[in-house]
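Visitor: Chain by chain, the residues run as shown.
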Amino acid sequence: MSMESHRGVWIFLEQNHGEMAPVSWELAGAGRRIADKLDTELAGVLLGDNVEDLAKQAFAYGFDKVYLVEDGALKDYRNIPYTKAVSMLVEKYKPEIFLLGATTMGRDLAGAVATEVQTGLTADCTELEVEEDTRLLHAVRPTFGGKLMATIICDVLRPQMATVRPRVMAAPEQQEGRTGEIIREALPMKEEDIVVKVLGYIQENVKTANLDEAEIIVAGGKGIGEAKNFKLVEDLAEVLGGTVAASRAAVDAGWIGHEYQVGQTGVTVRPKIYIAIGISGAIQHLVGMQTSEVIIAINKDPEAPIFKTATYGIVGDLQEIVPALTEELRKRLAGESTTEGVEVASN
Amino acid sequence: MHVVVCIKQVPDTTEVRIDPKTNTLVRAGVPSIMNPYDIHAVEEAVRIKEQVGGKVTVITMGPPAAVQVLKEAVSLGADETVLVTDRVFAASDTFATSYVLASTIQKIAGSEPVDLIFAGKQAIDGDTAQTGPGIAQRMNLPLLTYVEKVRSIDVENKKIVVERRLEGSKQIVESTLPALLTVEKEINDVRYATLPNLIKAATHNPKAWDHTVIEADRTKVGLKGSPTRVGRSFVQQLTNEPGEIIEGTPQEAVVSLVDKLFAEGHLVADR
Amino acid sequence: MSEERFDVIVVGAGPAGLAAAYTMAQAGLEVIVIERGDYPGAKNVMGGVVYRRPTEDVFPDFWQGKSSPVERNIVKQSLWLMNKDAAFSIGYGSAQFKAEEGYNAFTVLRAKFDQWMAAQVEEAGAIIINETTVTDLIMEHGKVVGVRTSRDDGDLYADLVIVAQGVNNLLVQQVGLGVDLKASQAAVAVKEIIALPTGVIEDRFNLEKGEGATIELVGESTMGLTGTAFIYTNKDSLSIGAGALVSQVQQKGVNPNDILENLKEHPMVKPLIAGGETKEYMAHLIPEGGYHAMPKVYADGVMVVGDAAQMVNGMHREGSNLAITSGKLAGLTAIEAKERGDYSSKTLSRYQQRLEESFVLKDLKKYRNLSHFIDDNTHLFTEYPEMVLAASHELMTVDGTPKGDKFKAMFDMVKSKRSLWQITTDLYKGWRAVK
Ligand SMILES: Cc1cc2nc3c(=O)[nH]c(=O)nc-3n(C[C@H](O)[C@H](O)[C@H](O)COP(=O)(O)OP(=O)(O)OC[C@H]3O[C@@H](n4cnc5c(N)ncnc54)[C@H](O)[C@@H]3O)c2cc1C
Ligand SMILES: Cc1cc2nc3c(=O)[nH]c(=O)nc-3n(C[C@H](O)[C@H](O)[C@H](O)COP(=O)(O)OP(=O)(O)OC[C@H]3O[C@@H](n4cnc5c(N)ncnc54)[C@H](O)[C@@H]3O)c2cc1C
Ligand SMILES: Nc1ncnc2c1ncn2[C@@H]1O[C@H](COP(=O)(O)O)[C@@H](O)[C@H]1O
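Chains as they are written, first to last, in numbering that gives the first Met the number 0: chain D, 0 to 346; chain H, 0 to 270; chain U, 0 to 434.
Mixed in with the good hints, there may be bad ones.
As the list claims (entries may be wrong) - Stretch by stretch, here's where chain H covers chain D in the computed footprint (C-beta under 8 Å, at least three residues):
1) 39 to 49
2) 173 to 179
3) 306 to 313
Unchecked claim - Okay, the calculated beta carbon distance ranges per label pair:
4) 229(H) with 1(D): 24 to 30 Å
5) 175(H) with 154(U): 39 to 45 Å
6) 209(U) with 20(H): 21 to 27 Å
Stated by the list, open to error - With a cut-off of at most 30 Å between alpha-carbon atoms, the simulated DSSO-like pairs for lysine-lysine come out as follows:
7) 221(D) with 20(H)
8) 93(D) with 219(H)
9) 295(U) with 263(U)
10) 208(U) with 97(U)
11) 20(H) with 295(U)
12) 55(D) with 189(D)
13) 199(H) with 337(U)
14) 184(H) with 42(U)
15) 42(U) with 263(U)
16) 299(D) with 263(U)
17) 42(U) with 221(D)
18) 20(H) with 208(U)
19) 271(D) with 259(H)
20) 169(H) with 74(D)
21) 111(U) with 65(U)
22) 345(U) with 364(U)
23) 259(H) with 221(D)
24) 299(D) with 227(D)
25) 196(D) with 223(H)
26) 223(H) with 93(D)
27) 106(H) with 184(H)
28) 184(H) with 196(D)
29) 169(H) with 189(D)
30) 20(H) with 299(D)
31) 337(U) with 75(U)
32) 234(U) with 42(U)
33) 74(D) with 184(H)
34) 65(U) with 221(D)
35) 20(H) with 278(U)
36) 199(H) with 142(U)
37) 91(D) with 223(H)
38) 259(H) with 307(D)
39) 75(U) with 20(H)
40) 199(H) with 196(D)
Read the hints as simulated data drawn from the structure, not as lab findings.
Glycine included, every Cβ here is placed at the ideal spot set by N, Cα and C.
Starting from the given sequences, assemble the full structure and let the hints guide the process.
Guide: Below, the structure is given as structure tokens:
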């Protein structure tokens with residue numbers, strides 16, 4: 000394979016019935032950086048039914064081009080037509096690097112496309128680097144349940160493909176008025192040829208959605224000691240108008256449901272304020288919250304690793320500190336007025 | 000209904016440790032287990048067999064010691080097993096692995112048509128979730144990933160309806176058979192093995208196939224056939240700067256923390 | 000129910016059951032062993048001394064080679080009499096134990112030892128089924144014909160069942176061969192495995208590479224309760240444990256765990272385990288009833304081996320050797336039964352005979368009254384150690400007192416604790432009990 004013929008950084012723009020998956024925009028930042036380093040263009044791949052508006056949004060996020068395939072058969076995600084369309088684009092336009100979000104859709108699609116276009120694929124990455132001279136993508140990913148990080152490269156085949164875990168990267172600012180080129184292609188198959196049919200959806204109100212979007216998170220760990228003490232965490236969260244969360248040890252102890260777990264095997268969060276109460280700061284927890292803007296740790300052990308990551312730490316017994324903090328915040332947030340609640344300052 | 004299940008033997012990652020001095024994985028003494036998702040895949044295959052009749056064949060690509068997980072599969076109700084084992088397979092990535100497994104299934108299908116293939120959602124050692132999609136694509140079969148429920152199987156018309164997990168919702172899809180499904184743990188509760196199955200497993204001898212049996216091209220397997228390479232591996236380090244410890248009595252510390260949060264504009268009072 | 004039929008079902012994959020299974024499988028019998036643990040040895044506990052001869056008799060050369068399950072060859076053994084802050088130690092070590100011909104006993108860890116034996120058993124052709132509990136023996140016309148297990152479709156039939164289920168001998172009771180253990184007939188033991196580097200162990204116990212030592216501790220080591228404690232050296236860990244009669248633990252309201260914690264804090268013990276990390280904690284019962292508490296060991300279609308038949312010699316911390324030997328003897332009897340095609344109690348009575356001819360019943364008979372003696376004489380675990388220690392302290396302390404006075408002081412002290420008459424009686428009774 001002549002690798003020189005492959006140029007451009009591609010990102011799969013994952014949309015679901017017209018709604019863009021946040022990971023696509025998160026990837027735009029990394030994609031732009033890599034494209035600039037390689038002195039090449041950043042392109043999005045957008046499939047769906049009537050989704051052209053999203054292509055325009057993509058330009059604001061820094062894309063130079065969007066490859067757009069619109070067809071009724073692409074309204075719902077299905078592996079067969081999506082694989083067909085994306086593989087066709089890859090074979091025709093030959094990107095050098097192709098990134099997808101490590102969502103259920105992204106992973107389903109990436110595995111099939113990589114096999115179809117015969118290239119290597121790195122799953123569920125948390126970091127991306129590129130080497131300018133060799134133009135190799137270094138995709139960093141956790142293995143063995145997060146105990147070890149490995150850098151994976153694909154040196155002989157193109158494109159270099161990777162899926163990237165949601166919420167580990169920050170979406171760039173939108174640049175209003177930025178434009179780019181839309182390249183349209185037709186879906187190379189007909190609905191009749193697609194043997195999989197979507198019969199419907201079951202919507203669920205998943206509580207984790209809150210955790211994803213929460214601007215303030217108050218998380219409790221094993222140090223909470225017992226189920227009833229979780230009230231301390233809830234009270235503080237309530238005063239701040241934030242959401243509660245937990246470490247795995249607290250979840251395993253049964254004090255709170257698994258959907259509240261932050262970390263490697265839970266949710267990755269990046270709120271403006273993250274308060275860790277009685278959490279030691281095991282690496283598997285930290286990777287799920289370390290990009291929070293302000294991290295506050297309350298722990299009685301001054302050696303607890305959480306203090307190495309925290310913006311502010313208080314060493315002491317949470318039984319004393321948390322109620323005091325809740326009370327203090329209650330007073331201060333009320334200001335002169337009597338109304339409760341809080342706004343997060345936008346910065 | 001002939002169901003083939005792909006299972007993998009993996010180190011129990013909850014027991015894997017990192018040597019703090021060398022930053023390498025300590026695998027010695029770590030027990031090997033059947034990949035937890037694959038146990039559910041075997042269970043689902045056996046349930047389908049019980050429901051509509053047929054046969055369950057379980058395959059794994061791995062070292063000779065992987066017979067252990069095949070025996071476990073028999074204890075769960077599998078009928079036949081194949082260990083695909085060959086030195087040339089060593090160091091295969093998911094691209095090469097899916098080639099080996101697809102070739103194996105094709106070989107099996109040669110003597111007895113395959114109606115359904117199961118794999119786990121992902122393997123806990125690599126967590127790639129790529130092997131299933133890879134096999135489906137190579138065999139040109141419909142792929143249904145993250146399946147949480149098999150709603151119905153229509154043997155006569157060769158159709159299956161499943162529920163797939165997506166972020167925040169589930170998708171209900173119908174597919175023709177044969178198809179490849181990767182399963183979540185939610186798909187079923189694994190039942191305890193029965194005594195007759197345990198006895199059968201204890202005396203079971205899996206077939207062992209090498210690359211010649213499955214007619215695999217040597218250049219497409221192992222290191223040669225794997226487009227990805229593992230570069231550096233390391234233990235996660237954090238990028239954050241260590242922060243400030245706020246001293247004082249609990250009350251003082253709390254007040255000074257709240258002062259800072261307001262002063263830096265992280266919080267504003269509600270007026 | 001399984002279509003599969005076996006000659007013999009063995010309940011329990013401890014030393015007794017595995018020795019029986021191995022003996023039978025080697026002779027070509029169709030044998031299945033049912034074990035309730037995740038794997039043989041998963042939850043089994045012992046201090047950890049196995050004796051070479053009886054074990055070798057079933058598993059030749061078990062102590063040799065790379066895959067050998069033994070930890071260390073024991074070259075010296077000591078007995079400590081303890082009070083709160085001191086220990087009086089008597090020890091025996093011999094160069095003979097160091098030479099291969101003289102190897103006498105080894106330390107083992109059960110998880111490894113039992114798995115090793117299980118591997119031999121499987122290699123010999125028997126089947127071992129783990130994670131399966133035998134809940135009942137199936138009886139037909141007064142004969143044991145199979146077992147019921149916790150599994151679905153869990154009934155299994157065979158010509159013969161060997162019960163090797165250890166100290167909790169519910170199945171033995173179920174077929175009316177024995178009765179429930181009394182609290183005075185069992186000791187509860189707790190044990191920890193404490194990791195230490197090999198070199199550190201060898202330094203602290205003054206051992207050469209690969210050699211091992213054992214210490215038995217009496218007195219304060221069990222907080223005065225009837226029982227003993229032990230510290231054994233493994234390759235890179237120590238086994239430390241203590242056991243006391245259930246009846247006493249109940250009476251005095253002591254938590255067995257506190258006994259072990261107390262022991263670990265003892266000033267003479269603490270330095271031995273210092274810096275070690277506790278890897279495992281476990282608790283188990285030891286049958287202590289001895290000969291008098293033994294059930295009938297055979298009936299139509301069934302034999303009982305090892306702890307399930309109370310075959311433990313508490314005095315010499317022997318259990319595994321009796322278990323292995325009884326397992327083998329039952330196995331030999333089963334082979335005969337198979338040859339004759341007769342599994343009636345008449346044929347199986349040969350097992351009883353074999354036990355009587357062997358050290359198993361000879362030893363158990365010899366010590367048959369010891370447990371009563373000890374039970375009635377708890378001062379053995381309180382006053383005697385105190386006495387010896389006080390006397391030793393007096394003797395060892397150089398303070399200018401003439402030696403003659405020292406001996407007098409010692410003698411007075413001894414008399415003040417227990418009269419000479421009492422001491423003489425104790426000695427006589429003790430001698431009678433082991434005679
Ligand atoms: C494969 C794998 C995946 C994992 N995934 C995750 C994951 O997604 N999320 C996750 O969180 N963990 C995960 N873990 C587990 C992780 O390694 C830690 O075990 C876990 O995060 C520890 O939780 P903790 O900090 O609450 O508990 P501990 O480590 O027990 O810490 C409790 C802390 O509370 C402090 N404390 C105790 N009492 C008080 C008091 N009165 N006042 C103040 N402080 C007190 C203690 O000093 C201590 O620092 C994973 C582990 C593995 C192996
Ligand atoms: C703390 C302690 C220290 C000891 N130290 C020594 C020592 O140093 N030297 C020595 O020789 N002896 C020692 N012993 C005694 C020795 O451990 C026993 O005598 C010996 O293990 C008896 O072997 P066994 O096979 O009869 O029973 P066990 O070893 O108890 O084996 C019984 C097996 O049966 C299984 N089982 C039980 N019930 C069922 C069921 N219903 N269905 C299926 N499986 C079942 C159990 O899981 C177990 O694996 C010690 C004991 C203890 C507790
Ligand atoms: N070596 C293998 N042999 C058989 N099946 C495998 C093998 N590797 C992966 N699989 C299957 O593919 C699934 C996903 O694995 P992975 O892509 O490694 O996360 C597993 O759950 C197995 O069902």
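Visitor: Of the numbered hints stated earlier in the document, which are not met by this structure?
Guide: Violated: hints 1, 2, 9, 11, 25, 31, 34, 39, 40.
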